[in-house]
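Engineer: Sequence:
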Amino acid sequence: MKRFLVLIPLVLLLAGAVADKPVAYWTFKTTPSTLAPAELEPGDEIDLIFTATLDPEWLVYSSDFSADAGPPPTTFEIIPDDSFETVGGIRSVDPRRKKDRTGGVEVSYFESKAEFRQRIRVLSPDYIVKGVIRGRYCSEKKGLSLPFEQLFVFSIQ
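The sequence shown lines up with residues -19 to -1, 1 to 138 when you count with mature numbering (1 follows the signal peptide of the UniProt record, and there is no 0).
Simulated from the structure, these hints should not be mistaken for laboratory data. Be aware that one or more of the hints could be misleading.
Said to hold, decoys possible - With a cut-off of at most 25 Å between alpha-carbon atoms, the simulated SDA-like pairs for lysine to any residue come out as follows: (1) Lys10 x Ile109; (2) Lys2 x Gly112; (3) Lys111 x Lys123; (4) Lys94 x Ser64; (5) Lys123 x Thr56; (6) Lys111 x Leu21; (7) Lys10 x Thr34.
To be verified - Beta-carbon label-pair distances, calculated as ranges: (8) Ala48 x Pro23: 16 to 22 Å; (9) Ser105 x Ala48: 17 to 23 Å; (10) Arg77 x Ile109: 45 to 51 Å; (11) Glu96 x Lys123: 32 to 38 Å; (12) Phe9 x Lys80: 39 to 45 Å; (13) Pro13 x Leu125: 36 to 42 Å; (14) Pro128 x Lys10: 21 to 27 Å; (15) Asp75 x Asp36: 15 to 21 Å; (16) Lys2 x Thr67: 16 to 22 Å; (17) Gly69 x Ser126: 25 to 31 Å.
Since the structure is predicted, the reported quantities are computational estimates derived from the model, not experimental observations. Ideal Cβ positions, reconstructed from N, Cα and C, are used throughout, including at glycine.
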């Protein structure tokens, strides 16, 4: 019974740490952003820009390192559609690098702001790009590593 009573505050403490407000706010835009639907033609290329604004003390891993050991990189699953095709892969824009304490491997990450880009070739002016971002938010100060999934949609209106 005593063990059970000791576990209750620990569970509540951890639940409170995780149940706080979200640690990142995501925005999605395209560049060039000045294109109107009538200006887009099949074959035009645009960049999809995924931006996360992170709370202080938190980081998110980039997408440009191997997950053989240490934390997993952020991944992007883009649902195929006949209205576009991807050109190359996801690019992490100016991440920092460090040696991970747990795996001993070099990882790349973002603090305060993360930016990822994916170039697409538009095949139809009324394109729609949907998918999900998966990764981990980490706080060394709080000793937490939280998995996340973030849905996204890009379309021209």
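Engineer: Can you give the numbers of the hints that this structure goes against, from lowest to highest?
Structural biologist: When the structure is compared with the hints, numbers 3, 4, 8, 9, 10, 11, 12, 16 turn out to be violated.
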